[in-house]
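Novice: The chain contents come next:
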Amino acid sequence: MSNAKPQIGVLAVQGAFIEHERILESLGVEVFEIRQLHDLDHHLDGLVLPGGESTVQGKLLRDLGLFEPLRQKIANGLPVLATCAGAILLAEHIAGENKAHFATLPAVIRRNAYGRQLGSFLTENEVAHIGKVPQTFIRAPFFESVGNDVEVLSRTASINTDANATSATKQIVAVKYKNQIALSFHPELNSDTSIHQYFLNLVK
Amino acid sequence: MPEQNRYELNKNLAQMLKGGVIMDVTTPEQAKIAEAAGAAAVMALERIPADIRAAGGVSRMSDPKMIKGIQDAVSIPVMAKCRIGHFAEAQILQAIEIDYIDESEVLSPADDVFHINKREFNVPFVCGAKDLGEALRRIEEGASMIRTKGEPGTGDIVQAVRHMRLMNQEIARISSLREDELFNRAKELQVSYDLVRYVHDHKKLPVVNFAAGGVATPADAALMMQLGAEGVFVGSGIFKSGNPAKRAAAIVQAVTNYTDAKLIAKLSEDLGEAMVGINEQEIALLMAERGK
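Protein chains in written order, with our numbering: chain X, 1 to 204; chain R, 205 to 496.
Cut-off 20 Å, straight-line C-alpha distance, at most; resulting in silico cross-link-like pairs (DMTMM-like, lysine to aspartate or glutamate):
(1) R:K470 <-> X:D63
(2) R:K466 <-> X:D39
(3) R:K215 <-> R:E344
(4) R:K215 <-> X:D192
(5) R:K236 <-> R:D276
Honestly, the hints are just simulated from the structure, not real lab data. Note that the coordinates shown come from a computational prediction; the quantities given were computed from them, not determined experimentally.
With these hints in hand, go ahead and build the complete structure from the sequences.
Specialist: Okay, here's the thing in structure tokens:
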């Protein structure tokens, strides 16, 4: 690869995309927003799928004609960092629902798995290859199961309901599968940039 | 006392709603239509503001059973309104695990002096504000999201525009003040120095700011987004119109691509009749004057 800065597209149809952009910019990469089909004319080294509402994002992706082109890019190996709603977009199956979105990540994800807003929590936990990071869960999903080739990066229990959870009862909240990193929590809401740095290592 | 980090987590939920549309719904069926059309959240209430205005009388928190019906119908966040100052209604909404409470001027105020001490709650609050001082006073009381206080149930955007412009002007003015002038500004706005200092340093409110009141068309939504709103509430504008599902979906897309006039032109075609609306001069009751 040339010395040019990596160019990262951030899906900006709805949700907390600006928070991702600020962190990526602080790490010295070039960032652009993807709101419409013509935004994909831009050179793209990596993609961020931010938090927000997955039903809204899934609908807008289809209405704006972004869905199929992005799905193909992800399936063809484009590095992706997906947080919360973004992880729901990637999962092959959404528990209790017939519909999936990109379905490029062999996993079953459960939406609002920790409950409503009163179930949201902040904790700190180990993520494989990275170390201890803050983990903010907002009406968050978790992975009920993952395919054989999917690496589990982190397991966490809700501090609200499972203060005494053992490693066996903790939920899968971060995974990596080939080019895709999917998280239940929101690294873009904390000042810690290590998850984004780890993602950029995949890009280079 | 709320748990540690709760206020931060509540501000975070508002961040997830950004770039989205929050729609008023009165039944589980309407909630499903709103969700399918791309609503980022729904506001559950018994009557939409236009009907509250028409009916007159005292308007209160909705029946919890009706709110629970809407919570069961959709997977997106569900908000509900309580009266200004009515902390017992807010306690009830927290007990049924509402995702956001709107301490709202649309309902009849329960207290003409004191707003709810929102710091005592674990669930988040959104409050209306006509200007920066009002916004910061609500944030001081514990609100984790702010919206304009455009005149509800009118389909008239003029006040939401006025509030958003005024807020932006006041933020710009604070940003340009010398540091030693901030103490006096805090005194004038009747808020703490820390909040004024935050606005000065960051050139924005410390919480997410949405537009609300009078949004009836995709163009209204685009106008508010271009004026700096981070998302919009649509109250009566959707289910008082000819084709709610189509209008709702068009407003959602207009909020995402609010600067693309060509796209918004296309979105604005064949939406059926917009809500009829009433002008601010034609109404006797200005709800925005409730709570200061």
